[in-house]
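Novice: Same order as they appear, the protein sequences are chains A and B.
Here the numbering used here is used: the first residue of the first sequence is 127, the next is one more, and so on.
Here the numbering used here is used: the first residue of the second sequence is 535, the next is one more, and so on.
A hint or two may mislead.
Said to hold, decoys possible - Derived, one-sided and incomplete: chain B residues facing chain A with beta-carbon distance under 10 Å: (1) F563; (2) L565; (3) N566; (4) L570; (5) L596; (6) L599; (7) V602; (8) D605; (9) L607; (10) P611; (11) W645; (12) G649; (13) A652; (14) G658; (15) F659.
Claimed, not checked - Calculated Cβ distances over 10 Å to all of chain B for the following chain A residues: (16) G142; (17) Q235; (18) G236; (19) Q254.
In case anyone wonders, no lab produced these hints; they're calculated from the structure.
Where a beta carbon is used, it is the ideal one built from N, C-alpha and C, also for glycine.
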Amino acid sequence: MPVERALLALIIIGLGLTVYRLGTGAVLRRRAQRGLQLEAYQRGLPAILYFTMPYCMPCETVQAPALRELQARFGQRLQVIEINAAQSPEQADRWGVLSVPTTFIIDAQGQPRGVNHGVARVDKLERQLLAIGEQRPHIQRSARWTTDRPKLKKVD
Amino acid sequence: MNLDGLAPVDHAALRTNQALIIVGTLAAFVLNATWLAALVGGVMLLGVAFSRPGFLPIYRALARLGWVEPDRLMDHPEPHRFAQLMGGLFLTGAVASLVLGWPGLGWALAWVVIGLAALNLFAGFCVACAVYYWLSRAGWPGFTQAPPPGSSPGRPPQVHPEH
Chain A
127 MPVERALLAL
137 IIIGLGLTVY
147 RLGTGAVLRR
157 RAQRGLQLEA
167 YQRGLPAILY
177 FTMPYCMPCE
187 TVQAPALREL
197 QARFGQRLQV
207 IEINAAQSPE
217 QADRWGVLSV
227 PTTFIIDAQG
237 QPRGVNHGVA
247 RVDKLERQLL
257 AIGEQRPHIQ
267 RSARWTTDRP
277 KLKKVD
Chain B
535 MNLDGLAPVD
545 HAALRTNQAL
555 IIVGTLAAFV
565 LNATWLAALV
575 GGVMLLGVAF
585 SRPGFLPIYR
595 ALARLGWVEP
605 DRLMDHPEPH
615 RFAQLMGGLF
625 LTGAVASLVL
635 GWPGLGWALA
645 WVVIGLAALN
655 LFAGFCVACA
665 VYYWLSRAGW
675 PGFTQAPPPG
685 SSPGRPPQVH
695 PEH
């Protein structure tokens, strides 16, 4: 009996995740249809759109360093666009951002292809970029502790 | 930034509370244990009565072990209490339905609690907090607070007390 109910629970959780993914997918499709409306976006390059806020500790301590490392790995082949959701609430609403940090994966054609609600580690972001057809970065894992800290492109 | 009326609220305690609500209610469903759902709902309502997260003692024990760290943000505690009250009432309704012999309705209500707590825990959106702020904007008596500066209804604030 508990096994059957556990299976039922797993099915319900699966359905919930499916609904969540469909909802997220719908937001991305709507965004793609309406255009990115991001002045900082440079067409022809994949991008990560990063929503943050001042005093967001996970953003400062985990997300921003992860994005800097990713930027160091991909170099000029990736653009990271940072948006302060407090200063640009209309952009946050347009992108359906519920909390920060939130990161969107945008392919080289300007199509939003994925979203991470909450902190996304550098390896996950790299996997997402590889999944949309980007080539593995030339800078290998041995370079992960680089002291070079490229600045993220900020948009307020 | 105007922080009038805001107080440090430990969001790590809120997240631990949500996680334990999810685990407890899920276990109640899997084990078909009405008493466990009643226990989780009762703890939530007790938390409302004492103006704190119901599972605060467990959070403090975990914090002492170093498993969780405080994450205090300048926030209004009222919407979170309202959220806990809503969850506790939903679970009370679930238990009442189960006792009265309507398991479908009872467990559906319990899954609503699981779903909303999961949305808050994993996506950072507190539906009941958003409802609180919307009722406040509509002028409902007892709903007096507006969202903290720089945050939208239901989204967590981002201002730490030291700033």
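Novice: Hey, is Q235(A) genuinely clear of chain B, shortest beta carbon separation above 10 Å?
Specialist: Q235(A) clear of chain B: closest Cβ-Cβ about 27 Å, beyond 10 Å.
Novice: Was the hint right that L607(B) lines chain A, CB cutoff 10 Å?
Specialist: 8 Å, holds
Novice: Does D605(B) hold up as a contact with chain A if the rule is Cβ-Cβ below 10 Å?
Specialist: Constraint on D605(B) satisfied, holds at 7 Å.
Novice: Does the closest beta carbon of chain A sit nearer than 10 Å to the beta carbon of G658(B)?
Specialist: Holds - the Cβ of G658(B) comes within 10 Å of chain A, reaching about 3 Å at its closest.
Novice: Would you check whether L596(B) satisfies its interface hint, that is, whether its CB is within less than 10 Å of any CB in chain A?
Specialist: 19 Å, violated
Novice: At a threshold of 10 Å, is the proposed contact between A652(B) and chain A supported by beta-carbon distances?
Specialist: 7 Å, holds
Novice: Can P611(B) be said to touch chain A, with a Cβ gap under 10 Å?
Specialist: This hint is violated: P611(B) lies away from chain A, its Cβ roughly 19 Å from the closest one there, beyond 10 Å.
Novice: Does the no-contact call for G236(A) survive, Cβ to all of chain B over 10 Å?
Specialist: Answer for G236(A): holds, closest chain B Cβ roughly 25 Å.
Novice: Does the claim that Q254(A) lies outside the interface with chain B hold up, using a Cβ gap greater than 10 Å?
Specialist: 18 Å, holds
Novice: Checking hints one by one. Is L570(B) an interface residue toward chain A, by the C-beta closer than 10 Å rule?
Specialist: Where the cut-off is 10 Å and the nearest Cβ of chain A is about 12 Å from L570(B), the hint is violated.
Novice: The hint names G649(B) as touching chain A; please verify it with the least Cβ-Cβ distance against 10 Å.
Specialist: 6 Å, holds
Novice: Please verify that hint: L565(B), Cβ, nearest Cβ of chain A, below 10 Å or not.
Specialist: 6 Å, holds
In summary, the numbered hints that this structure violates are 4, 5, 6, 7, 10, 16.
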